[in-house]
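Go by the hints and put chain B onto chain A.
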Amino acid sequence: MKTRSNSQTSLDESKLVKYSLIATAILFLGVMLVVPLITIFVEAFRKGAEAYFQSFTNEYVLQAIKLTFITSAIAVPLNLVFGVAASWAIAKYSFFGKSFLITLIDLPFAVSPVISGLVYVLLFGAQGWFGSWLIANDVQIIFAVPGIVLATIFVTFPFVARELIPLMQEQGNDEEQAALLLGASGFQTFWKVTLPNIKWGLLYGVILCNARAMGEFGAVSVVSGHIQGTTNTMPLQVEILYNEYNFVAAFAVSTLLAILALLTLVLKYILEWKVLRELKKLKNEE
Amino acid sequence: MRLNFGILKRQKSPIPGFGLTMGYTVFYLSIIVMIPLIALFTEAFSMGWQAFVDATTNARVIASYKLTFITSLIAALVNTFFGLIVAWCLVRYTFWGKRVFDAIVDLPFALPTAVSGIALTTLYSSQGWFGQILQPLGIKVVFTPIGITIALIFIGLPFVVRTIQPALEEIQIEQEEASASLGASRWQTFYKVILPTIFPSLLTGFALSFARALGEYGSVVFIAGNMPFKTEISTLLIITKLEQYDYAGATAIAVVMLLISFVMLLLINILQRWSSRRRGMEAI
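Protein chains in written order, with numbering that gives the first Met the number 0: chain A, 0 to 285; chain B, 0 to 283.
Just so you know, these hints were derived from the structure itself, not from any lab.
It should be emphasised that the depicted structure is a prediction, and the values quoted were computed from it without experimental measurement.
Hints may be right or wrong, so weigh each one.
Restricting the straight-line Cα-Cα distance to at most 25 Å, the calculated cross-link-like pairs of lysine to any residue (SDA-like) are [unchecked claim]: (1) A/K273 - A/G182; (2) A/K14 - B/L19; (3) B/K229 - B/S124; (4) A/K198 - A/K280; (5) A/K280 - A/L202; (6) A/K280 - A/A178; (7) B/K97 - A/F40; (8) A/K198 - A/K273; (9) A/K14 - B/R277; (10) A/K65 - B/I172; (11) A/K97 - B/R59; (12) A/K279 - B/I172; (13) A/K198 - A/R276; (14) A/K17 - B/F100; (15) A/K267 - B/A179; (16) A/K191 - A/K65; (17) A/K65 - A/F40; (18) A/K282 - A/W272; (19) A/K14 - B/G182; (20) A/K14 - B/Y244; (21) B/K65 - A/K97; (22) A/K14 - B/L181; (23) A/K17 - B/I84; (24) A/K267 - B/E168.
Bound-form chain A, shown alone (with noise of 0.2 Å):
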């Protein structure tokens, strides 16, 4: 590819355009994303440290810290077995209908947060399909801990299967051939050919759905029954303390969730550049 030279007017836009395009980009990201990232921030502190963090000292906020690290170290297991299982199964065999598997597997992205809630309540509700069965044994799922993790799965279902049908498509299966022909039992084959191979994009597919599992809100509002201590993750923990004009302590959980979503940022960034070098690996081996 050839370079750029400033000489060619043509090529390239006036300096005037240039640095209004990019002025222009910049305070629409600064007033959009920046300012109320620093925001969350500067309310949290509003009232000082000491306040700041007295917020973490009340007994439900704590509660909801930990329903969140429930959740999430239910939903994210489950749905990484899930997408390594798909996506061996969609990357690795050629079937009838794959396109319309990866479609259905996508769908819970297109459900909005609130049916992705409501689909619950109708299965396990006290008036849904299996109301009666539920109360009749004594089972809580809705407005419980069981329900919150359903609807956390639904919403991050897709994370890491769709993060590694492409790349492992891209891989093809050359290598596990190998592997099996030197001998390599199944299970060996993807523990010693296919996992280090995958282990990047499977690291960046659950550091996405672990930041949707904790920060889901919509979803898990629907089906929680916002019971203070018992059914209350952070992101209901926040709402519910807002709600009550208790706002330096709905934006000292807010500051947890930020890290968290910043930590995420971060660890794309790194991911994304590692599994780029690793596609350019393969195309430069072919």
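Same frame as chain A, now just chain B:
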């Protein structure tokens, strides 16, 4: 082959594990996604046509559709315009802090919607940084459709930027050189060479941002004020109906919204195929 999944018939492959992985995929997909969605549609069917029509066409529901549609449309248009500028700057120019700005574009993906919601509401309220400036100008943002639109711009922006960026990166400099050497001004080259090339991606980004906005809840609910007929979006109406134990009403609105989402999904798929075909042609 031990397991037979009907349409999912495989061709011979030496790699083991098809039955296991495909079986698990179909099983997990069914219990988490398919059965719940089927339950939603069954519930809507069982309420009868007349009840369904009544639930989805009463004045309050129609007002919520209109509000959701118009605010989402404006937000997606704003995002397409500014998203193109942002993507252009990130791909074509070098400037101070570029990497940070590039990474921060994904913030709305990573930040929980409830957190974005309260941050935006605080910013634009009468005591907030932006509210203080806008209030004297007679512009009220919080608890108005303008506030809803701003929240939807926030959450939709990454979709546009991340769709246009790769398309801009793939444009070959030779095309622009050819255009310039034939006497085109820079603006003509942009308008007649670059824009048509990235147009499918631009449309895809617009559609993704619009689709996301239609179903958004968390970031909007705080800033909207949620007054029926004025600032009540459709997703909020679903929640309101659920809280009143009007499951049928909630289901009916949800089905209408879901059908719209599916149409959008289909459209986006067609657009993406179009843009990858167009890019494939560029490569030759």
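Structure-based check of each hint:
A hinted pair counts as satisfied when its Cα atoms are at most 25 Å apart, and A/K273 with A/G182 does not qualify at roughly 31 Å. Between A/K14 and B/L19 the alpha-carbon distance is near 60 Å, which puts this suggested pair outside the 25 Å criterion. For a cut-off of 25 Å, the pair hint linking B/K229 to B/S124 stands: about 18 Å separates their Cα positions. Restraint check: the Cα-Cα separation between A/K198 and A/K280 comes to about 15 Å, which is no more than 25 Å; the hinted pair holds.
Note on A/K280 and A/L202: the hinted pairing holds, with a Cα-Cα distance of about 19 Å set against a maximum of 25 Å. Only pairs whose Cα atoms come within 25 Å are accepted, and A/K280 paired with A/A178 is accepted, the gap being roughly 20 Å. Between the alpha carbons of B/K97 and A/F40 the distance comes to roughly 23 Å, so the proposed pair stays at or under 25 Å and holds. Taking the CA atoms of A/K198 and A/K273, the gap is near 10 Å; set against the 25 Å cutoff, the hint holds.
The straight-line distance between the Cα atoms of A/K14 and B/R277 is roughly 31 Å, outside the 25 Å bound, and the hint therefore fails. For the hint linking A/K65 to B/I172, the alpha-carbon distance of about 53 Å lies beyond 25 Å, and the restraint is violated. For the proposed pair A/K97 and B/R59, the alpha carbon gap of about 42 Å is over 25 Å, so the pair is violated. Proximity of A/K279 to B/I172 is assessed by CA-CA distance (about 21 Å); at most 25 Å being required, the pair is judged to hold.
Simply put, A/K198 and A/R276 have alpha-carbon atoms about 13 Å apart, close enough for the 25 Å limit, and the pair holds. The suggested pairing of A/K17 with B/F100 holds, with an alpha-carbon distance near 17 Å, which does not exceed 25 Å. The suggested pairing of A/K267 with B/A179 is violated, with an alpha-carbon distance near 38 Å, which exceeds 25 Å. Under the criterion of a C-alpha separation no larger than 25 Å, the hint pairing A/K191 with A/K65 is inconsistent with the structure, at around 35 Å.
Among the hinted pairs, A/K65 with A/F40 is consistent with the structure: their alpha-carbon atoms are about 22 Å apart, no more than 25 Å. A distance of roughly 15 Å separates the Cα atoms of A/K282 and A/W272; the hinted pair therefore holds under the 25 Å criterion. For the proposed pair A/K14 and B/G182, the alpha carbon gap of about 20 Å is at most 25 Å, so the pair holds. Simply put, A/K14 and B/Y244 have alpha-carbon atoms about 61 Å apart, too far for the 25 Å limit, and the pair is violated.
In summary, the hint linking B/K65 to A/K97 is not supported, as the alpha carbons are separated by about 37 Å, beyond the 25 Å threshold. Only pairs whose Cα atoms come within 25 Å are accepted, and A/K14 paired with B/L181 is accepted, the gap being roughly 22 Å. About 10 Å separates the Cα atoms of A/K17 and B/I84, which keeps this hinted pair within 25 Å; it holds. Between A/K267 and B/E168, the direct Cα distance comes to roughly 20 Å. Compliance with the 25 Å bound is thereby established for this hinted pair.
In this structure, the hints that do not hold are numbers 1, 2, 9, 10, 11, 15, 16, 20, 21, in rising order.
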